[in-house]
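Colleague: Residues per chain are reported as follows:
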Amino acid sequence: MKGNWFSRKQLAIPYIMFLILFVVLPLIVVLYYAFTDGDGNVSFENFLHFFQNGKTVGTLVYSVIIALITTVVCLLIAYPVAYILAKGSFCGKHAFLMLFVLPMWINFTLRITAMKEILTVIEGNLAYYQFFNTILCMVYDFLPFMILPLYNTLTKLDKSLIEAAHDLGADKVQVFFKVVLPLSVPGIISGVTMVFLPSMTNYVVLDMIYNSTYIMGSLIGSYFSAYDWHNGSVISIILLAMIFVVTMISNRFTDGDDASAERARRL
Amino acid sequence: MKKIMQSACIWLVLLFLYAPILILVVYSFTDSTMIGTIKGFSLQNYVTLFTTPELIQMIVGTFVLAIGVGVISTLLGTAGAIGAFYSKKQVRGAVDLANQIPVINADVVTGFSICILMIAIFKVDKSTFVPLVIGQVSLCTPFVYLSVLPRLKQMDHQLYEAALDLGCTPAKALFKVIIPQIIPGIVSGFMTALTLSLDDYFISTYTKPATFDTISTYVVNATKGAQTEIKTALWALSTLIFVLVTAVVFISNIKVKNGASDEKI
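First to last, the protein sequences are chains A and B. Each number in my numbering comes from the position in the first sequence (counting from 1) with 3 added on. Each number in my numbering comes from the position in the second sequence (counting from 1) with 106 added on.
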């Protein structure tokens, strides 16, 4: 019997090798470059360089602001939609959900191209409302990723709790703020994770509408094309640290890897 | 009144999501070069799309790459999930943890780190497809792993042992007993890998050979002042992809309704 079990375990060997070589090792390489100077000596020079430079710090702040606003706008639009869909009793509910989720599977560069064309027609020149256009395109890109986790949480909501609150004399507003909203926190958190982190690094949306970008993702790109791997690695480490913190916070509120499971369940 | 408000909300958001795509769909069938100026009906964009060698290469290349990456990721991820599932707790925990890295990591960081690994440590030639395929596989495989694992947990484990007791070899039992039970997870993992690869921009842009373009990298370059012909041909491409995605979603949902799978979405 022992021999047979052993053969099934062996199936993991290729993937374990792959993970070590192409997932763990790249991170070690990035760590190495971030904490060394050109001669290979350990140094924090690269980090000082990042945090003392007004332009790079400004980029960091700007990316966080863009990501925050995008996330809040997505949440404000997605919550009512998810709520109506989850609560509603109209027929074809599932078909409607599919309509909201379907854009996730269309190549995002093509969708942003479409949005850019429309905005150009409406506004004449995209230069007038740069910040508004940026947020609009980001929201357009990420909205489906917010709707899906919210919907999943809201449909699983225990209806008897809402009825109990009503029976105990709560009005509709109270029921929403005291029962529905607190219970949907896991969905909110996993939606926020799925929108906030990518929108901090998705420089392509900006790149496509304005040909130039000032968010964290594009900094890596500019250092990379200048063969400056040390500073590029610093940006990666800073992004990794932020991702780590956000994921830790979100894991506290959801049962473990909800957000990633959400992303995995895309189809 | 409440009903009207609710459906207005739903339809407004749908309008926001679909208006840009649908307008492009309409305009892809005209000979206008700018949105807003309606001219006559024309299939010229589709002709350009299918007769310009550069565009055909890019589209075929993207799909061949996606299928290749999808197959490799599915094999690697499925075998990895089965292996890890039956391994010791510590091994399983380590694989689970490492598997999460590409899932939560920013794609830019994944692409950048794999690229400098390839160039600085392995000295791989960037004009080959090796870095590109490895980069995309490292993004996609974790999702295959994550969609196969729950199926393994739900599986009836006594069937495998029964097969062995009845004289089946472990390899045969794997293919006749385990694989058939987890096949829905494998299929949805493959589909996820496919869509991730088709949608990927960040990893491709760091790891692709300079002469090769995927749809994403091509479109991003094309928006920065390409010729009008190419621009409007890309409207046709958007239309075709929109139709394809809608069809796939529609068909897979009919299957779900018929009870072929109990999976959500």
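What the hints contain is simulated information worked out from the structure, not anything from laboratory work. It should be emphasised that the depicted structure is a prediction, and the values quoted were computed from it without experimental measurement. Warning: the hint list may mix true and false statements.
[Claimed, not checked] Here are the computed lysine-lysine pairs in the DSSO-like style, where the Cα-Cα straight-line distance is at most 27 Å:
#: 1; chain 1: B; residue 1: Lys232; chain 2: B; residue 2: Lys361
#: 2; chain 1: A; residue 1: Lys90; chain 2: B; residue 2: Lys109
#: 3; chain 1: B; residue 1: Lys195; chain 2: A; residue 2: Lys181
#: 4; chain 1: B; residue 1: Lys361; chain 2: A; residue 2: Lys159
#: 5; chain 1: B; residue 1: Lys109; chain 2: A; residue 2: Lys175
#: 6; chain 1: A; residue 1: Lys96; chain 2: B; residue 2: Lys337
#: 7; chain 1: B; residue 1: Lys232; chain 2: A; residue 2: Lys159
#: 8; chain 1: B; residue 1: Lys282; chain 2: A; residue 2: Lys12
#: 9; chain 1: A; residue 1: Lys181; chain 2: B; residue 2: Lys259
#: 10; chain 1: B; residue 1: Lys361; chain 2: A; residue 2: Lys96
#: 11; chain 1: B; residue 1: Lys282; chain 2: B; residue 2: Lys259
#: 12; chain 1: B; residue 1: Lys337; chain 2: A; residue 2: Lys119
#: 13; chain 1: B; residue 1: Lys259; chain 2: A; residue 2: Lys12
#: 14; chain 1: A; residue 1: Lys58; chain 2: A; residue 2: Lys90
#: 15; chain 1: A; residue 1: Lys162; chain 2: B; residue 2: Lys109
#: 16; chain 1: A; residue 1: Lys162; chain 2: B; residue 2: Lys108
#: 17; chain 1: B; residue 1: Lys278; chain 2: B; residue 2: Lys194
#: 18; chain 1: B; residue 1: Lys259; chain 2: A; residue 2: Lys159
#: 19; chain 1: B; residue 1: Lys195; chain 2: A; residue 2: Lys12
#: 20; chain 1: B; residue 1: Lys232; chain 2: A; residue 2: Lys58
#: 21; chain 1: B; residue 1: Lys109; chain 2: A; residue 2: Lys159
#: 22; chain 1: A; residue 1: Lys90; chain 2: B; residue 2: Lys259
Colleague: All the hints need checking, so say for each whether the structure fits it.
Modeller: Taking the hints in turn, this is what the structure says about them:
no. : hint                  : result
1   : B:Lys232 <-> B:Lys361 : violated (42 Å)
2   : A:Lys90 <-> B:Lys109  : holds (12 Å)
3   : B:Lys195 <-> A:Lys181 : violated (41 Å)
4   : B:Lys361 <-> A:Lys159 : holds (23 Å)
5   : B:Lys109 <-> A:Lys175 : holds (16 Å)
6   : A:Lys96 <-> B:Lys337  : violated (37 Å)
7   : B:Lys232 <-> A:Lys159 : violated (48 Å)
8   : B:Lys282 <-> A:Lys12  : holds (18 Å)
9   : A:Lys181 <-> B:Lys259 : violated (36 Å)
10  : B:Lys361 <-> A:Lys96  : holds (17 Å)
11  : B:Lys282 <-> B:Lys259 : holds (18 Å)
12  : B:Lys337 <-> A:Lys119 : holds (12 Å)
13  : B:Lys259 <-> A:Lys12  : holds (15 Å)
14  : A:Lys58 <-> A:Lys90   : violated (47 Å)
15  : A:Lys162 <-> B:Lys109 : holds (20 Å)
16  : A:Lys162 <-> B:Lys108 : holds (20 Å)
17  : B:Lys278 <-> B:Lys194 : holds (23 Å)
18  : B:Lys259 <-> A:Lys159 : holds (22 Å)
19  : B:Lys195 <-> A:Lys12  : holds (12 Å)
20  : B:Lys232 <-> A:Lys58  : violated (31 Å)
21  : B:Lys109 <-> A:Lys159 : holds (22 Å)
22  : A:Lys90 <-> B:Lys259  : violated (31 Å)
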